[in-house]
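Participant: Kindly produce the complete structure, drawing on both the sequences and the hints.
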Amino acid sequence: MMILSQNLLLHGKNIVNKIVIFLLSFFIVLSAQEKEDTYQLGQGLQVGSLPIYVGGYFSVEYAHTKDVTVYSVDDLAFQSYGNYEKFSYMAELEFKELYVKTKVGDRAFTHKDEHLYLERFYMDYTFNENYMIRVGKFNSPIGYWNLVPINVLRDTSSHPITSDILFPQFTTGALATYTSYNTEEIKVNVTLQNNTDLDDDYNNYKIDKHYGIGLTYTQDNLSFKINGGLFEKIPEYFAREKLYYMLLALEYDNDDFKIMSEIGSQKSNNEFTTDYAAYLQGLYRLNEKHNLILRAESFKTKLTPQAQHIGILGYTYRPIYPVAIKAEYQLHSTSRDNELLLSFSMMF
Amino acid sequence: MPLISIKLIIILLLSTLYLHADEYVVVSNRHIKTLSLAEIKAIYLKKLSYTEDTKLLPINLSLRDKIRKSFEKNVLQMNLIRLNAYWTKQHYLGHRPPLTMKSQEAVKKLIKKVDGAIGYINIDSLDDDLLIIYQWSDK
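Going down the list, the sequences are from chains A and B. If you number the first sequence the way the numbering used here does, the last residue is 426 and the count never jumps. If you number the second sequence the way the numbering used here does, the last residue is 185 and the count never jumps.
Treat the hints as calculated values from the structure; they're not laboratory data. Because the structure is a prediction, the values reported are computed rather than measured. Treat the hints with care, since some could be wrong.
Calculated lysine to any residue pairs in the SDA-like style (CA-CA distance at most 25 Å, straight line) [what the hints assert, rightly or not]:
#: 1; chain 1: B; residue 1: Lys101; chain 2: A; residue 2: Ser127
#: 2; chain 1: B; residue 1: Lys92; chain 2: A; residue 2: Gln297
#: 3; chain 1: B; residue 1: Lys92; chain 2: A; residue 2: Tyr195
#: 4; chain 1: A; residue 1: Lys164; chain 2: B; residue 2: Glu98
#: 5; chain 1: B; residue 1: Lys135; chain 2: A; residue 2: Tyr280
#: 6; chain 1: B; residue 1: Lys135; chain 2: A; residue 2: Gly126
#: 7; chain 1: A; residue 1: Lys179; chain 2: A; residue 2: Asp191
#: 8; chain 1: B; residue 1: Lys79; chain 2: A; residue 2: Thr261
#: 9; chain 1: B; residue 1: Lys93; chain 2: A; residue 2: Asp333
#: 10; chain 1: A; residue 1: Lys164; chain 2: B; residue 2: Lys115
#: 11; chain 1: B; residue 1: Lys135; chain 2: A; residue 2: Tyr195
#: 12; chain 1: A; residue 1: Lys265; chain 2: A; residue 2: Tyr162
#: 13; chain 1: B; residue 1: Lys101; chain 2: A; residue 2: Thr255
#: 14; chain 1: B; residue 1: Lys93; chain 2: A; residue 2: Val268
#: 15; chain 1: B; residue 1: Lys92; chain 2: A; residue 2: Phe199
#: 16; chain 1: B; residue 1: Lys115; chain 2: A; residue 2: Asp334
#: 17; chain 1: B; residue 1: Lys135; chain 2: A; residue 2: Ala169
#: 18; chain 1: B; residue 1: Lys135; chain 2: A; residue 2: Val226
Facilitator: Structural data, given as structure tokens:
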């Protein structure tokens with residue numbers, strides 16, 4: 079972490095200044111406002127007495143493989159949300175790679191992306207206890223990992239390959255949800271997109287069509303989820319491509335430990351583009367502040383005809399929950415890709 | 047003292063403790079339908095915001111309140127670490143924790159005024175015009 083800090087200070091003063099100004103502005107503006115309650119880090123602030131809240135998050139990361147070392151200010155995001163009667167909204171803007179310094183052998187490259195991306199922007203309307211509709215750009219409601227994908231909320235600095243390659247992480251369109259509560263919770267959602275992305279630079283796939291359906295069953299600490307759908311990639315170099323995906327997910331969470339697993343597949347009209355991608359992760363809460371994480375991943379795609387396996391050992395220290403200091407070591411089936419990751423992230 | 051008498055005294059003491067276990071209730075005013083335990087949990091986790099056409103308003107007592115701690119342990123079945131994690135994630139998703147009030151009297155006052163407001167109090171503080179939705183005890 080010290081190496082990372084020194085590097086950022088030496089080579090990224092401009093960026094650090096921007097972050098400081100951003101954070102100072104945030105707190106100065108809000109300290110002048112009337113608060114709903116005592117401020118708690120990680121839970122945002124109310125704007126005056128309006129039903130509007132603001133907050134955000136950021137992370138800095140250090141990644142080291144045998145050949146490449148990367149220092150980055152990965153996320154700096156500002157979000158606002160609120161509700162009135164049956165309406166609610168969410169807006170989020172983000173600098174996604176504000177400062178990235180890459181070292182390959184003796185050579186170093188610096189990349190600064192000062193463009194502000196639109197990560198989420200949507201409005202919800204809740205009809206009653208069962209039905210809700212969302213319109214705008216939102217996290218695709220697929221699996222569990224994709225719902226809270228930011229560093230500070232993740233269990234590890236890295237995220238599993240399932241959430242990168244199988245489906246579009248964001249959808250711009252409509253989401254209809256039916257929820258039923260009895261002794262268990264059953265949720266059905268339908269996702270529809272038939273238009274361009276609100277900001278297709280901020281998505282893992284450039285798409286203009288996405289149709290998906292999901293079913294979630296939750297009882298006490300155990301939850302299962304199944305998702306399926308299709309999306310169309312906007313052609314860049316090749317022809318338009320229609321891709322189908324399916325994902326099964328499981329989550330068990332109690333006071334001592336959490337288990338998560340997702341397994342999925344993706345195919346085009348002709349072939350499997352991803353035969354399978356899967357992970358199984360266990361998190362053990364050593365105590366209030368210290369977590370130990372073990373994750374096994376495996377995937378096989380048309381670009382990697384040999385199955386790839388990754389084993390991850392992670393440790394996370396949270397002095398308070400919205401602040402996370404993480405370390406992880408990844409063992410890859412291709413040993414050249416073995417990687418050490420360190421990160422500091424925070425939600426405010 | 048014979049061993050049997052000591053055992054008897056211990057059993058009597060334990061029974062007395064059990065009989066004096068604090069009893070708590072989740073309450074609302076009378077303009078709300080009956081709610082299941084899973085629904086109460088969903089309301090306090092802000093997953094469920096309406097019942098029929100009534101907007102729900104869950105009310106917590108202060109963080110260090112003994113009844114709140116018992117409610118979180120026995121009804122929500124989550125410890126403080128998981129609840130902190132849960133509400134930080136909900137902040138990212140655009141949801142706020144329930145309203146907090148300092149006393150049982152304040153909770154009762156709000157419930158009587160607002161349809162859809164629900165709270166938890168000690169059964170000894172129960173008023174006749176409040177509806178018991180769920181009851182539990184510290185054992």
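Participant: Work down the list of hints and note, for each, if the structure agrees.
Facilitator: Evaluation of the provided hints:
no.: 1; hint: B:Lys101 <-> A:Ser127; result: holds, 20 Å
no.: 2; hint: B:Lys92 <-> A:Gln297; result: holds, 16 Å
no.: 3; hint: B:Lys92 <-> A:Tyr195; result: violated, 29 Å
no.: 4; hint: A:Lys164 <-> B:Glu98; result: holds, 13 Å
no.: 5; hint: B:Lys135 <-> A:Tyr280; result: holds, 21 Å
no.: 6; hint: B:Lys135 <-> A:Gly126; result: holds, 23 Å
no.: 7; hint: A:Lys179 <-> A:Asp191; result: holds, 12 Å
no.: 8; hint: B:Lys79 <-> A:Thr261; result: holds, 16 Å
no.: 9; hint: B:Lys93 <-> A:Asp333; result: holds, 20 Å
no.: 10; hint: A:Lys164 <-> B:Lys115; result: violated, 31 Å
no.: 11; hint: B:Lys135 <-> A:Tyr195; result: holds, 21 Å
no.: 12; hint: A:Lys265 <-> A:Tyr162; result: holds, 24 Å
no.: 13; hint: B:Lys101 <-> A:Thr255; result: holds, 18 Å
no.: 14; hint: B:Lys93 <-> A:Val268; result: holds, 18 Å
no.: 15; hint: B:Lys92 <-> A:Phe199; result: holds, 21 Å
no.: 16; hint: B:Lys115 <-> A:Asp334; result: holds, 18 Å
no.: 17; hint: B:Lys135 <-> A:Ala169; result: holds, 16 Å
no.: 18; hint: B:Lys135 <-> A:Val226; result: holds, 7 Å
Violation of the numbered hints given earlier is confined to hints 3, 10; the remaining hints are satisfied by the structure.
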